[in-house]
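Trainee: Protein chains in written order, with full-length UniProt numbering: chain A, 1 to 284; chain B, 1 to 284.
Any given hint could be a false lead.
Intra- or inter-copy, both count: the list cannot distinguish identical chains.
[Claimed, not checked] No farther apart than 20 Å at their CA atoms in a straight line, the calculated lysine to any residue pairs in the SDA-like style are these:
1. 201 with 253
2. 155 with 173
3. 201 with 256
4. 155 with 17
5. 162 with 205
6. 215 with 61
7. 201 with 38
8. 33 with 208
9. 201 with 244
10. 165 with 204
11. 148 with 64
12. 223 with 24
13. 27 with 185
14. 166 with 92
15. 165 with 209
16. 159 with 171
17. 33 with 47
18. 33 with 169
19. 165 with 150
Don't read these hints as lab results, they were simulated from the structure.
Read off the chains here:
2 protein chains.
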Amino acid sequence: MDSSSSSHGIEQLQQGCYYEWMSLQAKHIVNLKEALINQQSNNDDHHKLEELVGVVVDDFQKYAEKRSELSDRSCSSYFAPSWNSSLENGLLWMGGCRPSSFIRVIYALCGSQTETQYSQYLQKMDESEKVDESAGIMSELTAMQLAKINEVHIKVIEKEDKITKKYAHMQEDVADMPIAVTAYSRDLVEVGVSVEDALDKHEEGMGVLMAEADKLRIETLRKIVEIMTPVQAAEFLLAGKRLHVSLHEWGRVREERRFGCARADAVAGGAGVGSEKSKRSTTC
Amino acid sequence: MDSSSSSHGIEQLQQGCYYEWMSLQAKHIVNLKEALINQQSNNDDHHKLEELVGVVVDDFQKYAEKRSELSDRSCSSYFAPSWNSSLENGLLWMGGCRPSSFIRVIYALCGSQTETQYSQYLQKMDESEKVDESAGIMSELTAMQLAKINEVHIKVIEKEDKITKKYAHMQEDVADMPIAVTAYSRDLVEVGVSVEDALDKHEEGMGVLMAEADKLRIETLRKIVEIMTPVQAAEFLLAGKRLHVSLHEWGRVREERRFGCARADAVAGGAGVGSEKSKRSTTC
Chain A
1 MDSSSSSHGI
11 EQLQQGCYYE
21 WMSLQAKHIV
31 NLKEALINQQ
41 SNNDDHHKLE
51 ELVGVVVDDF
61 QKYAEKRSEL
71 SDRSCSSYFA
81 PSWNSSLENG
91 LLWMGGCRPS
101 SFIRVIYALC
111 GSQTETQYSQ
121 YLQKMDESEK
131 VDESAGIMSE
141 LTAMQLAKIN
151 EVHIKVIEKE
161 DKITKKYAHM
171 QEDVADMPIA
181 VTAYSRDLVE
191 VGVSVEDALD
201 KHEEGMGVLM
211 AEADKLRIET
221 LRKIVEIMTP
231 VQAAEFLLAG
241 KRLHVSLHEW
251 GRVREERRFG
261 CARADAVAGG
271 AGVGSEKSKR
281 STTC
Chain B
1 MDSSSSSHGI
11 EQLQQGCYYE
21 WMSLQAKHIV
31 NLKEALINQQ
41 SNNDDHHKLE
51 ELVGVVVDDF
61 QKYAEKRSEL
71 SDRSCSSYFA
81 PSWNSSLENG
91 LLWMGGCRPS
101 SFIRVIYALC
111 GSQTETQYSQ
121 YLQKMDESEK
131 VDESAGIMSE
141 LTAMQLAKIN
151 EVHIKVIEKE
161 DKITKKYAHM
171 QEDVADMPIA
181 VTAYSRDLVE
191 VGVSVEDALD
201 KHEEGMGVLM
211 AEADKLRIET
221 LRKIVEIMTP
231 VQAAEFLLAG
241 KRLHVSLHEW
251 GRVREERRFG
261 CARADAVAGG
271 AGVGSEKSKR
281 STTC
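This is chain A alone, in the form it adopts within the complex:
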């Protein structure tokens, strides 16, 4: 793709913003991992971890604000971005992850850590071997913490449902005037002013919903982090980011295999995550 001819397109700016965010997430992963290791050797150093958790959540908010600024009248790109694989787009909800999936991450972490600790305990009993006891402390969430998280889960699902319903109405409205009536009247219709205005308005509406969903995502993250200890919060954020980056990569690999070659949406100036492989190529 000739980036000089396309660098001014709004979608290029959106894509750039996304890759900056992915690049920042890669840094967050490194920082969170380091901070968790440091905390293990210096058990009282919770303050630094707390600060980092705050920075990570704030950065998510900044990203949401930045992409909201770029969504004006071209928000639909965020609902199924060309820079994502179909797998990832199939998982999107209002241009991002479901806030309720944050809570599923916690439950999954709890379960897997309990399982690991149990098998390590058995191993210790059988073989009197030294095993790693520091693998995660999410399983140490108290009953009180779990009850609070469950409360957040229920409220989040309710709010998600409300936004989903608004979106359904918006989708239905497209079959209404003036878009529909213009389409019904002729066979292949040029994009006239009235249709353009209606589609702009539709995309503006999508932007409002995405902002509402982003607000719910951030609000949910903050509530979870408040309930947790700094170590638990750092583990949770690290897990969420690893899941996001992995799904992005796995989806890309599966898609390449299906296409037989890479699709064309090379990142003009954007920073890929992990490796050069993350950037799709125009050539097959």
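Following the hints, position chain B against chain A.
Mentor: Just chain B now, with coordinates in the frame of chain A:
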């Protein structure tokens, strides 16, 4: 894109299937229009129209069956296809249109036709001019027909909501084991066998939901057509197809403007709708 190297990919087959369907829809538009004009000059010839309406609905069912066969373990492509614009993908529900939007098409047609007839009536009164009185008979839907359509609408929305909820659960499940736990454990993870299996299973689940949604789409179409006279049904199908084709084209034009150039997903052997413009080009 070198089509020889990619023609065996499953997504190419899916894309080919889609463009065949779009090409068939273009033919349906021509046939429905001709049949409606013929019916005007020979008012009793309802039989041919009825037959055509049946063919159009059956063809939609055949398309749904064909794409379902191609969806095995790679269904996510249908949830945000690369051959659609973001605008169109933002309007998708389970890989297609919302069945409830069929009913919105009817209501919009009723409204616009009533408006046209009213303004024509006023024009006639004022200027004693001969105006076209044959512009649509959707406004002649009886109260009984409208009540039945309203009943279908309510049931369809209920069924849509159920499918939407199943999809939400499926999306949340991805944050669970084994996908999530694999992702949590390392930084950038190779797609291992257990993850591949889990993602295949996830896509199979999406395929089941899409088939369920397609069943609802076809069922809704059949119910609507049963309630209507053949002329009304033909008008309704014509309007729906024009809306689909127009949105595909409008979305493409808007996206091209945003990108500054066309995205690369040229159709290998697929038939575009309307004109060469419908086929996206690899070159900028």
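Trainee: So, for every hint listed, does it hold in this structure?
Mentor: Taking the hints in turn, this is what the structure says about them:
{"no.": "1", "hint": "201 with 253", "result": "between (36 Å within a copy, 17 Å between copies)"}
{"no.": "2", "hint": "155 with 173", "result": "between (28 Å within a copy, 18 Å between copies)"}
{"no.": "3", "hint": "201 with 256", "result": "between (35 Å within a copy, 19 Å between copies)"}
{"no.": "4", "hint": "155 with 17", "result": "neither (30 Å within a copy, 42 Å between copies)"}
{"no.": "5", "hint": "162 with 205", "result": "within (15 Å within a copy, 24 Å between copies)"}
{"no.": "6", "hint": "215 with 61", "result": "within (8 Å within a copy, 41 Å between copies)"}
{"no.": "7", "hint": "201 with 38", "result": "neither (51 Å within a copy, 39 Å between copies)"}
{"no.": "8", "hint": "33 with 208", "result": "neither (35 Å within a copy, 39 Å between copies)"}
{"no.": "9", "hint": "201 with 244", "result": "between (31 Å within a copy, 19 Å between copies)"}
{"no.": "10", "hint": "165 with 204", "result": "within (17 Å within a copy, 26 Å between copies)"}
{"no.": "11", "hint": "148 with 64", "result": "neither (26 Å within a copy, 45 Å between copies)"}
{"no.": "12", "hint": "223 with 24", "result": "neither (22 Å within a copy, 52 Å between copies)"}
{"no.": "13", "hint": "27 with 185", "result": "between (54 Å within a copy, 17 Å between copies)"}
{"no.": "14", "hint": "166 with 92", "result": "both (16 Å within a copy, 15 Å between copies)"}
{"no.": "15", "hint": "165 with 209", "result": "both (11 Å within a copy, 19 Å between copies)"}
{"no.": "16", "hint": "159 with 171", "result": "both (19 Å within a copy, 16 Å between copies)"}
{"no.": "17", "hint": "33 with 47", "result": "within (15 Å within a copy, 72 Å between copies)"}
{"no.": "18", "hint": "33 with 169", "result": "neither (43 Å within a copy, 30 Å between copies)"}
{"no.": "19", "hint": "165 with 150", "result": "between (23 Å within a copy, 19 Å between copies)"}
In this structure, the earlier hints numbered 4, 7, 8, 11, 12, 18 are contradicted, and the remaining ones agree with it.
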